[in-house]
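Chemist: If you want the building blocks of each chain, they are given just below.
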Amino acid sequence: MLKTFHKGGIHPVENKFSAGREIRVLPPPEVVYIPLSQHLGAPAKLIIDRGEKVKTGQLVAKSTGFVSVNIHSSVSGTVRKIDQVQDGSGYKRTAILIETCEDEWQPGIDLSPDINTDIQYSPEEIIRKTLYAGIVGLGGAAFPSHVKLSIPRGKHARALIINGAECEPYLTSDHRLMLEKGKELIIGIKLLMRALRAETAMIGIENNKQDAIRHLEELAGKEEGISVYPLKVKYPQGGEKQLIKALTKMEVPSGGLPIDIGVVVHNVGTAFAVYEALQKNKPLIERVVTVTGKSLKNPSNFLVRIGTPVINLIEAAGGLPADTGKVISGGPMMGKALSTFDVPVVKGTSGIVILPESESKRRHVKVCIRCTKCVAVCPQGLEPYLLMSLAQNEYPDELEMNKVMDCIECGACSYICPSGRPLLDYIRLGKAKVGQIIRTRKN
Amino acid sequence: MVDTVLYTIISLSTIGVVAAVILYIVARRFRVFEDPRIDQVEEILPAANCGGCGFPGCRNFAEALVSAESFEGLHCPVGGNEVMVKVASFLGKDAVMGDPLVAVVRCAGSFDQRPRTNRYDGAPTCSISSALYTGETGCPYGCLGLGDCVWACDYEAMYMDEQTGLPVILDDRCVACGACVNACPRNIIELRKKAKKDRKIFVACINEEKGGIARKYCNVACIGCSRCFKVCPFDAITMDNNLAFIDSEKCKLCRKCAPECPTNAILEINFPQAKPKEAAREVKQDDEEVHNGKSVPKEGNGNN
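Those protein sequence lines, which keep their order, are chains A and B.
Under the numbering used here, read the first sequence as residues 1041 to 1483, first letter to last.
Under the numbering used here, read the second sequence as residues 5 to 308, first letter to last.
The following block holds chain A by itself, in its conformation from the complex (with noise of 0.2 Å):
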């Protein structure tokens, strides 16, 4: 019996199209955008100016708080603007535009393939270096990973949980990952455990990676504390959560942290952004990302520069398809539509999804029939159909009540919605203004 979770649930078609191409290295674009702010929390702050030259793995942006990160440049060359730029929502961010030259890389930062298997460093110095590097959550939620890996006081690590699960359908970034990069990856986990003082690591990956369980099944007996656990195929069981609940039956109080009940979750990406960092001190300035698609001709998986416009891989991955009607930055359930195709690829971007036309439209709105599908499948327990009335409504108090700010936005109400109702739509408007009255409250 393969571990999974309880509560609620789905099963969207997998359409895993690009889960056997090999990850390609993308060269640096002409030019890159990089954001400032492509973390959750503060934006960093800047400290290159207008027409400075800058080298691959240079620091542009320093962190501005606890809870914010380090921003490095992703390619040689020079700076040529700062500028608002259009993120996927089509508002403006500050970014800053470089153009690049030859790929000249920092001094310092170890290119060669080598794998480092000796750790030499103290749990403070990995998560210092972890602050510096820059490295954020790269499952999507782009949070950064040094307060993760501070742990408060009085409370203690019991295991480390990397999250292997990619319960997203079309996306392969993880599954490559852990296919290509294991060796990496294991010294990865072993660095974030001893940061943590954790003394075992979960990895949960999903029963549709046969040759990513084996592959790291094999590489982990080798090593004490670390065990695989193939889990069943269910969406979310990706979200931080549910993959607790998997593989240690324990739930994360609400409004708690996995911290609260002794665990930490990290993603695959980011281990193996902690290994880079570390062993090959090489800052976070490129990640994997999954571009595919139905009609797409070359579904691929890249290694791409921070800051790569997005119409650049899309061009990489053979062109947009005639048909296209969406394309989404993230997941197809998660992921945002894009209104611009100029959005810089940033350190949260797992794929970029294109849907044609027919898959693409929203289904016409009708009425609740109060047939509780989105209840039975919200894997947090909450009563979808009652948070979007109480959301459309403006009952805030309510809203609070009914623990609108325990949903994990996974959309899985929306999906089976036979109505097709924006349960999720509503709730995060819920959501929003519930948070904006909560911290008022604290103030």
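It should be emphasised that the hints constitute simulated quantities derived from the structure, not laboratory data.
Restricting the straight-line Cα-Cα distance to at most 30 Å, the calculated cross-link-like pairs of lysine-lysine (BS3-like) are: (1) Lys197(B) <-> Lys214(B); (2) Lys1401(A) <-> Lys220(B); (3) Lys220(B) <-> Lys1376(A); (4) Lys214(B) <-> Lys1132(A); (5) Lys214(B) <-> Lys1121(A).
Model the placement of chain B on the given structure of chain A, informed by the hints.
Modeler: Just chain B now, kept in the frame of chain A:
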């Protein structure tokens, strides 16, 4: 049989009498004194319960009026000065005259002027569209055209113009309650001082981008060129973040600024025909048509 009926009647009547006595005593002992004037003031108020005065409803406003020392800051936008004078004379206080206001939509980005660059098919409400996306055009400031303001209006004073994709306000019905101002997630709607014959002159744009960028997505955007600012003889125009704003308190409706505007972002409404400077001023014409008493379409607004 007769006994049962009799006993029932007697026992129920006894309970009734006892309860009545208790209720009478309780009502006398715990009577809450309430100023009778509150009820009377409430009767004078329009009973719209719109919240335009800043209180949840007319009764709360009446309470505030009765207990207030002076009427400073208390104004019923629906009843206007007329009602406030009535209330003041009833309560024997001095009425504070407020300027009548009217709502205006500060965006002229109609379908012709602001081409659609993408399509939004999510939940049809501006609040969600604004929170997640910039809408269907490149302008991150302009009207989203999904009609949250029309939904918020209790007075049927607004409707969506299907030709332009923008909301239209009917001046004679607008009571300046401010519901649309609060409903608009982009703060496009503003309450402005009502002038003679409903004349208005305002900058129909809130785009704070630099000129070139603003113009890229919309032909009638304010580009922050300051020409109106320089020409204004009354210092009514302020320039802030590449955006001109005409203060309705200071504006004397001299109409010097509008012809200066290179993008026709300044709208003049309800003025007699101006000397024709440029032929095409479609947006303005649309609005004028409306103010000349076009009927309100009943269907087609919103998400039901």
